[in-house]
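If you want the building blocks of each chain, they are given just below.
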Amino acid sequence: MAKKVFLVDDSDLIRAMASMALQAAGYEVQALPNWQELDLALAQDRPDLILMDINMPEMTGDFALSFFKEERGLVDVPILLYSDIEEQALVMRAQACGADGYISKGWGLERLTETVDYFLHRAG
Amino acid sequence: MLIFDGDAERKRIEDLVLRLRQAHQPGPAPGGDPIPFRALLAEDNPLVREMLRFAVRKYHSSQIPKARVLEVFEAEDGQRGWEHISQRKFDIAIVDFFMPVMDGGQLIRKIRGQAEMAGLPIIAVSVGGDEVRREVYAAGANLFLDKPLVLNQLIDSMQRLLQLERKG
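From first to last, the protein sequence lines are chains A and B. The opening residue of the first sequence carries number 20 in our numbering; numbering runs sequentially from there. The opening residue of the second sequence carries number 33 in our numbering; numbering runs sequentially from there.
If we strip away everything but chain A, and leave its shape as in the complex, we get:
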């Protein structure tokens, strides 16, 4: 059965492109535009991995990451920051919020799927 990836990003374009790449790599993808939609999706289903953009409405991705990890019982689910901010800042923010990893949008779609492969194969 295909592993499930939740992708949270407020950009329609990023959601469309990243979903297409991940689906082509064999993942089942739920693309969500905001934290409310993520919360609703989590009430229905448990993903194998979550990708979170940083620059989102209301709360940044690193704030939301800490919140969802602790408050929605996602300690065992890998959550990665997925952002276009400068890479060194991305590393620091990922470490500070307890992310399992990070992916720079600048790396391109191929490396996106490779990194997701790495985390999911390592996990399972």
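FYI, nobody ran anything at the bench for these hints, they're computed from the structure. Any given hint could be a false lead.
Some chain A residues close to chain B (C-beta under 7 Å, calculated; not the full set) [claimed, not checked]: (1) N53; (2) W54; (3) D58; (4) E77.
Every value quoted in this text rests on a predicted model; they were computed, and no experiment measured them. The beta carbon of each residue, even a glycine, is placed where N, CA and C say it ideally should be.
Starting from the structure of chain A, add chain B where the hints point.
Chain B in isolation, oriented as in the chain A frame:
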């Protein structure tokens, strides 16, 4: 002059006065448990309120003595926030600007209109940039944080404001 029509009535009024004094007094209540650490969260989005509560809990667990139990009061609009704030003393208020019924600016003005609440640390949070920033500072907020909120920035802001307040 107050005229009591009996000991029971006098006792009832004395108890009421004592309870009101305790509720509006920082630090340990005389002969009782320490006063709780009270935070008001006025924000109309329920999930964002929950995230703010998460941040306040993080601040409380790292900075406030365990004996001061955390009490969080939540309001989905400014009117409800005012109801909470007029009933008890708070240590900090986090107020969103865009809320139905009564917006954050109106709530902050109302709070600052009360002499006994002049020292309450208020963090205003919102989208809207400079225009909202000017409005909340004019209303009397101590600090404005632009949304999206960063967890560490929010916790540091609480720490900074509460330290300033303690120093008087």
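Results of checking the hints against the structure:
no.: 1; hint: N53; result: violated (9 Å)
no.: 2; hint: W54; result: holds (6 Å)
no.: 3; hint: D58; result: holds (6 Å)
no.: 4; hint: E77; result: holds (5 Å)
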